[in-house]
Amino acid sequence: MTRKRNAPTRSLRDLMRASPFLLPSVAGLVVFSLMPIILSLLISLTDWNGLDKLAANGFLADHYIGLQNYKEILSGEEFWRVLTNTGYFIVLYLPLLLICSLGIAWLLSKGYRGVGVFRVLYYIPVLTSWIAGALIFRWVLSSKFGIVNNILEIFGIQGPAWLQSEQWAMPSIVLASVWKDMGFYGLILLSGLQAIDKGYYEAASIDGAGAWKRFFRITLPLLTPSLFFVLVVSLINAFQLFPQVMIMTDGGPNGATQVMVERIYKYGFRYYEMGYAAAFSWLLFIIIFAFTRLQLSAQKRWVHYGS
Amino acid sequence: MVRKRLSKTAYYMIAAMIALIAMVPFFWMLSTSFKSRSALMSLPIEWIPSEPTLAAYKKVFTQFPFGRAMFNSVFIAVSYTLITLLSSSMAAFAFAKIRFPLANGLFKLYLASMMIPTQVTLIPLFVIMSRLGLINTYGSVILPSLFRAFAVFLLVQTIRSIPNDFLEAARIDGAGLFRTYWQVVLPLCAPTLATLCITTFMDSWNDFLWPLVMLSDRNLMTLPLALNTLNGQYATEYNVLMAGSLISMLPIILVYIFAQKYFKSGLMAGGVKG
Chain A
2 MTRKRNAPTR
12 SLRDLMRASP
22 FLLPSVAGLV
32 VFSLMPIILS
42 LLISLTDWNG
52 LDKLAANGFL
62 ADHYIGLQNY
72 KEILSGEEFW
82 RVLTNTGYFI
92 VLYLPLLLIC
102 SLGIAWLLSK
112 GYRGVGVFRV
122 LYYIPVLTSW
132 IAGALIFRWV
142 LSSKFGIVNN
152 ILEIFGIQGP
162 AWLQSEQWAM
172 PSIVLASVWK
182 DMGFYGLILL
192 SGLQAIDKGY
202 YEAASIDGAG
212 AWKRFFRITL
222 PLLTPSLFFV
232 LVVSLINAFQ
242 LFPQVMIMTD
252 GGPNGATQVM
262 VERIYKYGFR
272 YYEMGYAAAF
282 SWLLFIIIFA
292 FTRLQLSAQK
302 RWVHYGS
Chain B
7 MVRKRLSKTA
17 YYMIAAMIAL
27 IAMVPFFWML
37 STSFKSRSAL
47 MSLPIEWIPS
57 EPTLAAYKKV
67 FTQFPFGRAM
77 FNSVFIAVSY
87 TLITLLSSSM
97 AAFAFAKIRF
107 PLANGLFKLY
117 LASMMIPTQV
127 TLIPLFVIMS
137 RLGLINTYGS
147 VILPSLFRAF
157 AVFLLVQTIR
167 SIPNDFLEAA
177 RIDGAGLFRT
187 YWQVVLPLCA
197 PTLATLCITT
207 FMDSWNDFLW
217 PLVMLSDRNL
227 MTLPLALNTL
237 NGQYATEYNV
247 LMAGSLISML
257 PIILVYIFAQ
267 KYFKSGLMAG
277 GVKG
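Residue numbers (my numbering), protein chains in the order written: chain A, 2 to 308; chain B, 7 to 280.
One chain only, chain A, in its complex shape (with noise of 0.2 angstroms):
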């Protein structure tokens, strides 16, 4: 079924034998997702501010400016201040975010009673909306009537004026991240956990080894595609961050929680400079690309599929 001949009839008839599973993805593919990307990237090209119709007579001529919107972008301050933003919500993020959802993975695939009452917990905030999670956290980190900054006073601590401080709005954000995401994560590790053969472990506990010794040697590993699924989609969403941002902070205080897609929503759809927008969000593009393609790469290095 899958072995691999030259000749070009037999490759012909393999495409005509998927076709079929493929068209309906693959039409949503060009129509929603190919022609939108061609179509933007001629965008980055103009200075478009969303007026003039799009597909009317002489628009390029009228509008076409080459290279001088990422030219602008790249020589600028904002975007490197703006990167560096993300750059540090991905830092705290991730790793806190692993942790958290191997742990929810780890809880939920004991069968212990109330198993079930923790995975629904888990799961709430995932369910909630970043509208409502959002709404939600403003309030929950207000200075003086939050309940967090009330639970620290228990405690004798004096908590932060959470999103009015420079210092502290990146990691609410990134607070209110891991909770939201946590449990979704968790729930893809688990999937991962309880598909390992429950073979491997009694054959390795009759050869005599230990949890720790059967958590690196038999957990891990075959956890790896489950992982490296984890961490791309992660990373890539770590990187379009923004409703969170949005509704809780708007970028501020003083730009500290401006990040890379807040920037293009508001140069797209508060100033409809679409042609500077879509550069920019261009050049998040080729971040993020770059990113996965790394991944990509070290997959062989680190990651175990079943023989």
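One or more of the hints may lead you astray.
Claimed, not checked - Result set (BS3-like, lysine-lysine): computed pairs, CA atoms no more than 25 angstroms apart in a straight line:
(1) Lys199(A) / Lys214(A)
(2) Lys14(B) / Lys199(A)
(3) Lys214(A) / Lys14(B)
(4) Lys214(A) / Lys111(A)
(5) Lys72(A) / Lys267(A)
(6) Lys114(B) / Lys301(A)
(7) Lys14(B) / Lys111(A)
(8) Lys301(A) / Lys214(A)
(9) Lys111(A) / Lys199(A)
Unchecked claim - Distance ranges between label pairs, derived from CB positions:
(10) Lys64(B) / Lys111(A): 41 to 49 angstroms
(11) Tyr17(B) / Tyr89(A): 32 to 40 angstroms
(12) Arg74(B) / Gly51(A): 25 to 33 angstroms
Unchecked claim - Listed below are several chain A residues computed to face chain B (Cβ distance under 8 angstroms; list not exhaustive):
(13) Pro37
(14) Tyr113
(15) Ile125
(16) Pro126
(17) Val127
(18) Leu136
(19) Asn151
(20) Tyr306
Derived from the structure by calculation, the hints contain no laboratory data.
We put the beta carbon where it would ideally sit given N, CA and C, even for glycine.
Since the structure of chain A is already known, use the hints to place chain B on it.
Relative to the frame of chain A, chain B by itself:
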């Protein structure tokens, strides 16, 4: 035996701790939603409202047709999920088990498209949708479900791990490709499909930016859009905002708790089979 009991106690302590962290914000939401406007800003804070009132809830329902928004959210999310599961699992099957030319390149295109921020394609997509005459219709928010790179990626990872012998056996038994997909591959993907079902439903249910652009008709608005309208009107009245948040969460939590039973048995079955 003692050690086992100790580790069980530690287990429950850690599990309860994380549950507490996950739940505290919701407790605060619930408590706040029953407060009056003046109780909101009283110090020391009232952990539990001393004079609970339904005023905030009344305000929510008089401001927006929340019942209609609930129906819209359900209808859109269910259709979106069904189409995604079908379309993505078919594509994933082709990628994982049919060796066709250009498969690698096409798959890389899928991965690459996943990295494009939604904001990049938002404006051109709006243009395309209005050309198709789909603005302010359910179709505008349901049809994009045909293509979901995330789902295809996850399913390819799963289907790849199904031994080729299984498919070979089906072929020898005379099953065509479609029957192999439907009767062999799909059941073996049940745990992943269950996970995807939940996450896709959630994503569609909670999606904000896309419906915001496509649906301006109040009668078509989903729950997050309703909540956003509320936030625009009552940015500092947290009792109203928290009541709205709670209402917008309730249906999905009920669905999840109800569906839990089915998904759990699916996940467990997958675990036993390996």
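How the hints compare with the structure:
1. Lys199(A) / Lys214(A): Answer holds: lysine 199(A) to lysine 214(A) is near 15 angstroms, not above 25 angstroms.
2. Lys14(B) / Lys199(A): holds, 21 angstroms
3. Lys214(A) / Lys14(B): Between lysine 214(A) and lysine 14(B) the Cα gap is close to 20 angstroms, so the pair holds against 25 angstroms.
4. Lys214(A) / Lys111(A): holds, 18 angstroms
5. Lys72(A) / Lys267(A): holds, 19 angstroms
6. Lys114(B) / Lys301(A): Between lysine 114(B) and lysine 301(A) the Cα gap is close to 16 angstroms, so the pair holds against 25 angstroms.
7. Lys14(B) / Lys111(A): Given pair lysine 14(B), lysine 111(A) holds - Cα atoms ~10 angstroms apart, limit 25 angstroms.
8. Lys301(A) / Lys214(A): holds, 23 angstroms
9. Lys111(A) / Lys199(A): holds, 13 angstroms
10. Lys64(B) / Lys111(A): 41 to 49 angstroms: Distance hint for lysine 64(B), lysine 111(A) holds at roughly 45 angstroms.
11. Tyr17(B) / Tyr89(A): 32 to 40 angstroms: Given range 32 to 40 angstroms: holds, Cβ gap about 34 angstroms.
12. Arg74(B) / Gly51(A): 25 to 33 angstroms: For arginine 74(B) and glycine 51(A) the Cβ distance comes to about 31 angstroms; the hint holds.
13. Pro37: Check passed: Cβ of proline 37(A) comes within 4 angstroms of chain B, closer than 8 angstroms.
14. Tyr113: holds, 6 angstroms
15. Ile125: Where the cut-off is 8 angstroms and the nearest Cβ of chain B is about 6 angstroms from isoleucine 125(A), the hint holds.
16. Pro126: holds, 6 angstroms
17. Val127: holds, 6 angstroms
18. Leu136: holds, 5 angstroms
19. Asn151: Status holds, d = 5 angstroms.
20. Tyr306: With a closest approach of 7 angstroms, the tyrosine 306(A) hint holds.
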